[in-house]
Every structure is written in C-alpha cells, then in structure tokens.
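Asks: This is what each chain is made of:
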Amino acid sequence: MSIRTPAQLKSLGDDLWKNRPEKLNAELFILTYGALVVQLYKDFEDYGEVNKKLDKMGYNIGTRLIEDFLACTPSVARCADFRETGEVIAKVGFKSFLNIAPSVTHVSPTEFVLTLDENPLAEFAELPEDAVQGGLWFSNVLVGVLRGALEMIQIAATAEFISDTLRGDEATEIRVKLVRYLEEEAPEADE
Amino acid sequence: MSSSPSTATYHLFLLSPLDFPIYSTTLPSSRFPAPPPPSSAPSSSSAFAAYSSTAFSHHPSSSTSSLPSLAAFASPPAASAFGGMVQALVGGGSSSRLPEGETPTGVSGGTEDARRRTERHVPEMIAHAALDALEQAQFLSGAMYHKSIDCFNEWTVSAFITPGNIRFILLHEVKNDDGIRLFFAEVWETYLKHLLNPFYQLNSPITSAAFDARVRASAKKHL
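Note that the protein sequences, when read in sequence, are chains V and A.
If you want our numbering, it's the 1-based position in the first sequence plus 1397.
If you want our numbering, it's the 1-based position in the second sequence plus 130.
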C-alpha cells in the first residue's frame, strides 16, 4: 500500500514521531544550536559567512539524513512530481525529525514555500540589532539540510529563507526551488 | 518632589555578581496610592545632609541646621533644595559653595534636570548601600528572598538572590511582602528565559524590550 494523499502523509508523519525511539531534550538541542550559531559568529565575525557555514553544515546533515528518512518510510511511494516532494517534506520529514508541521504553498510546479508556524531551533533566541542588519538567517542549517537531502535523491534544488520571525518578519518561510533532476552522478565532495 | 505621583512607585535593580547593574527600571504600582510625603522636612533634609556631606567635604555633618535654613530660603520643599544643591555640584566646580538663596532661581532651567538626575541617582545609591546588609543576610540564611533588609527615609529595600548570585533589589515605599515575593519569582523566571537567548552574554546589560515588557507586566500583576 503506498501512501500518497496529504492525510495519509500527515498520519504517517505523526506515527513516525511517536514511535521514534531516541528523542532528545528540546532545551538541550536548542541551547546547543544557539551556542553553535553564536560561536560561528565569533569565529567569522560576518553574518554572511555564518549563513554560508550553516548552509554547508546543513548540507552535510541532509545528505545523511535522507537515508534514515527513506529507511523509515518504505510505504511512501516515489513522488510523481515536485509538488508531492514538497508535501512529503513538510508532512513527514519535518514532522518526524523536528515535530513541527509547516504548511506548504505551491507557487509553481517547480517551486514551493514552507511556512513554519513555530521554529524549535530559535525558541529562545532574540537577534541583536547588528545580526538583523547583517542578514543572519538563524536557522539556515535547515535550508542546507533540504538541499543536501534532495540532492541525494537526484533532485538539484535551491532552498533559502525568505522571511524569519526572529528578524521581525510576519512569518518564517523557506522557498525551495527545483533546478533540475539529476542523472546518476557522484555526489558533491564534502568539504 | 514638587509633583508627587498618585501611585506608589518601585525601583527595581538587577545587579550582577560583580555589583554591576545589568538592568534598572521604575515601576508604577497598580494597587497602592502614594504614601504621604515625609512629614518632617528637617528629618529628610538631615538624611540628605548626610548624603551631601559625603559630597561636600566642607559641609560638616553637624551642620544639618544649615539645610533647613537653606530650605527656608528657597521655600520649596526640601527635595528641590537638595536638587538645587546637586545642580550646584554639577553646575561647575566654581559653584561648589552654595550661593545663598539663589540656588533654584540662579539655575532655573537646570533645576528640573537636577531634580530628575537626583531622582535617578538616589535610588541607585540606596540600592548599592543596601548591598552590604544584603551580603550579611545572604550568608546567614540560605533563603533567596530577603525582605526589608534596609531602609532609607521612606524607601524600604527588599532583595532576591538567584542561585547564580544575581541580585534583584527592589526599593518600595509600601509594605507588600507577598506581592513582592511573587513579583521576584516572576522576574526570576523572566531572567531565566532571557538567559537562554544564545546572543545574550552573561552579566552584560539587559536591553531586550521583551524582558522589559514582561517585568512591567509582572509588576502590574503583583505590585
């Protein structure tokens, strides 16, 4: 039985989260991530660099995470199009790893926007003024994860934040755009 | 003060373990009216004389009688005579000796400023002076909440010490032990949440508007 409909995906996501054996204390995770971002800034002193590094870290995480994800979800059928990919990412991916359920807005057949109502990574953080002006995307690791994970399943895509409540915007949104489907080729070298 | 507020006010100071103030604010009370101003001008001015005598080395503390006479000169309440003194202090080294009777008028534009400056400095000074008493109490009892460890004129000082040795000092005119204790507990929680912000450096001044808003909301609820 292959799972396709949004409702099925949602319940699959919920189940995966519930049955995941090792969960981590949220505060510990949030504090660790926050300390990481602050340390990156102290090391590089440029918020643009910090964004890039977070993206790279996310990429490394994503390339490995996708294996875990696919192993846990044998019942999810191969996505027919990018639209479905977006649905699966939002309802199953985010749900099973972070226990959040972002909503998906399909802008076009090759682009969708994830809107996060709550962002556990940034739970306690408050950006200082120079971080906002320097253009820091606090949770930029997420865009790297998406990019890395999609690349391992032969989808070249770009992911980027377009708004973030930490910076005073209305909502936290990530835009994921399809570049092309990849033929079998060697993955990008880890740095 | 020439315009006394209609509700009691509180002054809250958060001090780091190095006695450096990391947050201070003035909160209006939502429950208590302002207590009557200090009844006897001489007694308050004698306290002010004690303060000013540390500032003025040529004002021996025994000359408290000089102050009521100064107040008589100026005829406004004792506080503004004090304010005038501070203004004279601040106004320049040359005016270190009080011009008799001219104090408020001679620096008319500055008196308001001086009063405001006085109002800001006196609570800070009181809070710091209370730290000694607080440290004594701190090592005698392990309690976090210390009520009424010190008084100065109409101000009573209560304190709360967090396990990380951050001191919350509250200056209050009215007695409200339970409310103050609940208020301290809430400020503690707000402070803890603020600590979790990875961008906040420990023991540095707190500038977050969210923190300020929460403290004011707690004050409205309990004080």
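Heads up, some of the hints might be wrong.
Using 25 Å as the maximum straight-line C-alpha spacing, the simulated DSS-like pairs for lysine-lysine come out as follows [said to hold, decoys possible]: (1) V:K1420 <-> V:K1574; (2) V:K1439 <-> A:K351; (3) A:K323 <-> A:K351; (4) V:K1439 <-> V:K1574; (5) A:K323 <-> V:K1420; (6) A:K305 <-> A:K323.
Just the calculated beta-carbon pair ranges, DEER-fashion [to be verified]: (7) A:K305 <-> V:E1557: 31 to 41 Å; (8) A:D342 <-> V:E1442: 22 to 32 Å; (9) V:T1512 <-> A:A347: 52 to 62 Å; (10) V:K1420 <-> A:D308: 38 to 48 Å; (11) A:E254 <-> V:S1500: 18 to 28 Å; (12) V:I1458 <-> A:P335: 34 to 44 Å; (13) V:D1443 <-> A:S334: 50 to 60 Å; (14) V:K1574 <-> A:P335: 28 to 38 Å; (15) V:E1515 <-> A:S334: 42 to 52 Å.
Calculated directly from the structure, the hints in this document are not laboratory data.
Keep in mind the model is a prediction, meaning the values are calculated, not measured.
The beta carbon of each residue, even a glycine, is placed where N, CA and C say it ideally should be.
Asks: All hints, please: hold or fail.
Replies: Structure-based check of each hint:
no. : hint                           : verdict
1   : V:K1420 <-> V:K1574            : 31 Å, violated
2   : V:K1439 <-> A:K351             : 40 Å, violated
3   : A:K323 <-> A:K351              : 19 Å, holds
4   : V:K1439 <-> V:K1574            : 32 Å, violated
5   : A:K323 <-> V:K1420             : 23 Å, holds
6   : A:K305 <-> A:K323              : 29 Å, violated
7   : A:K305 <-> V:E1557: 31 to 41 Å : 58 Å, violated
8   : A:D342 <-> V:E1442: 22 to 32 Å : 29 Å, holds
9   : V:T1512 <-> A:A347: 52 to 62 Å : 29 Å, violated
10  : V:K1420 <-> A:D308: 38 to 48 Å : 40 Å, holds
11  : A:E254 <-> V:S1500: 18 to 28 Å : 50 Å, violated
12  : V:I1458 <-> A:P335: 34 to 44 Å : 36 Å, holds
13  : V:D1443 <-> A:S334: 50 to 60 Å : 22 Å, violated
14  : V:K1574 <-> A:P335: 28 to 38 Å : 43 Å, violated
15  : V:E1515 <-> A:S334: 42 to 52 Å : 28 Å, violated
The structure does not agree with the numbered hints 1, 2, 4, 6, 7, 9, 11, 13, 14 and 15 stated previously, though it agrees with the rest.
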